[in-house]
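For the protein sequence lines, the chains are A and B, in the order given. Sequential numbering from 1 applies to the first sequence in my numbering. Sequential numbering from 1001 applies to the second sequence in my numbering.
Honestly, the hints are just simulated from the structure, not real lab data. For each residue, glycine too, the CB sits at the ideal point set by N, CA and C. Fair warning: there could be bad hints in the mix.
[To be verified] Cβ-Cβ distance ranges computed for the label pairs, FRET-style: (1) B:Glu1147 with A:Pro180: 16 to 22 Å; (2) A:Asp138 with B:Gly1044: 25 to 31 Å; (3) B:Arg1157 with A:Gln189: 31 to 37 Å.
[Unchecked claim] Taking lysine-lysine and the DSS-like style, the derived pairs with C-alpha atoms no more than 27 Å apart in a straight line are: (4) A:Lys217 with A:Lys164; (5) B:Lys1121 with B:Lys1017; (6) B:Lys1017 with B:Lys1003; (7) B:Lys1217 with A:Lys217; (8) B:Lys1171 with A:Lys121; (9) B:Lys1003 with A:Lys171; (10) B:Lys1121 with A:Lys171; (11) B:Lys1171 with A:Lys212.
Number of protein chains: 2
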Amino acid sequence: MPKLTPTTRTTPTRLPKRVDYDLELIYEILDEGLYCNVAYVQDGLPFMLPTGYCRIGATLYIHGSVGSHMIRSIEHGADLCISVTLVDGIVLARSAFHHSINYRSVIMFGKPFLVENEAEKMNVLAQFTNHFADGRWDDVRHPDDAELRRTAVLGIRIEEVSAKVRSGPPKDEESDDNWPCWSGVLPLQYTAGAPQEREDAVPGMVLPDYLKNYSRKK
Amino acid sequence: MPKLTPTTRTTPTRLPKRVDYDLELIYEILDEGLYCNVAYVQDGLPFMLPTGYCRIGATLYIHGSVGSHMIRSIEHGADLCISVTLVDGIVLARSAFHHSINYRSVIMFGKPFLVENEAEKMNVLAQFTNHFADGRWDDVRHPDDAELRRTAVLGIRIEEVSAKVRSGPPKDEESDDNWPCWSGVLPLQYTAGAPQEREDAVPGMVLPDYLKNYSRKK
């Protein structure tokens, strides 16, 4: 997959070695993440909300109630900044100064477009549902006309985007080589607990395979 | 602890029952989270970065290199929107429409102030280090004068803030009561893997207690 060309907004001023424009890496992060943060400007002030998303090809989709504050604020093409961050571990250096987090993050910029075609909208909602757990769409009741009308789906082209990654062990000053403390990385990841079937479950429903050994990693 | 009074920016237009102004809940979310997203406006456009933070009393602190883009953009008191989100589970409803995420999130607004007093700065950096793992500060080499000078510490008062929480089982339409699929919640949480000591470790260092059975929950 191609490398993108950085723009002013995706060019870092610090630690440029952590920044990447590789689309394969960017898609991998977006597909592993569960939610994003969407920032926009309202009356000159910053506003941000965490929300679900999914990716289809080179487009990221978000959705919401047609009456929601966010949708009404941005559906006509507001400038957005969207971020997805995956935490991989805590970097425990010998010096306080070099403590850090191992992470993979994506920051993207763009203006949303409203998905109005009904078949396209349904296709996005299928991918939304499968972004929770791959295969879920086949099992659930699909949106009816009223639900479709109440849901706004917005797409943002994945074009002005960068990934930022920190991985590996701590880096300290040579003068701290003998500092007497445990130093290394504590890996962190999302893990699933035991699935909790609802109390009013339909009797005899079996836990689907896509919820067994669940992992966000693809 | 008191309930805060909502402002225009912290009053939701949707799902008001999910919103809370209880400071105890807000502090709990902030103390459990590992990083925040900081959004600000640059030349009229939204910009956002994930970054570490810590809380001391009613103030949230972020830090960065004095030369970083973010610090230079906001250190003189830019309007910020800061969010912390904890994911607790995936809500697998019977209908695609009612799928959701169980989460606890905080959104806060404010202008940062620069922490210039050296003792106060050192105190914040101690809390920063302990936010990774409680007790870490006692083990590590503390910042020297040069590191202190290179680090900008910004505080934001936790005043204009709200928490948003979704918990519990899926809610579906009654007409879907008999839809034949597994439905419930798949709990998710950060768990720590086996600590990875650095290859150039000082011989004989013992894993500290605060890294054993590590959990972000307090």
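Of the hints stated earlier, which fail here? 2, 5, 9
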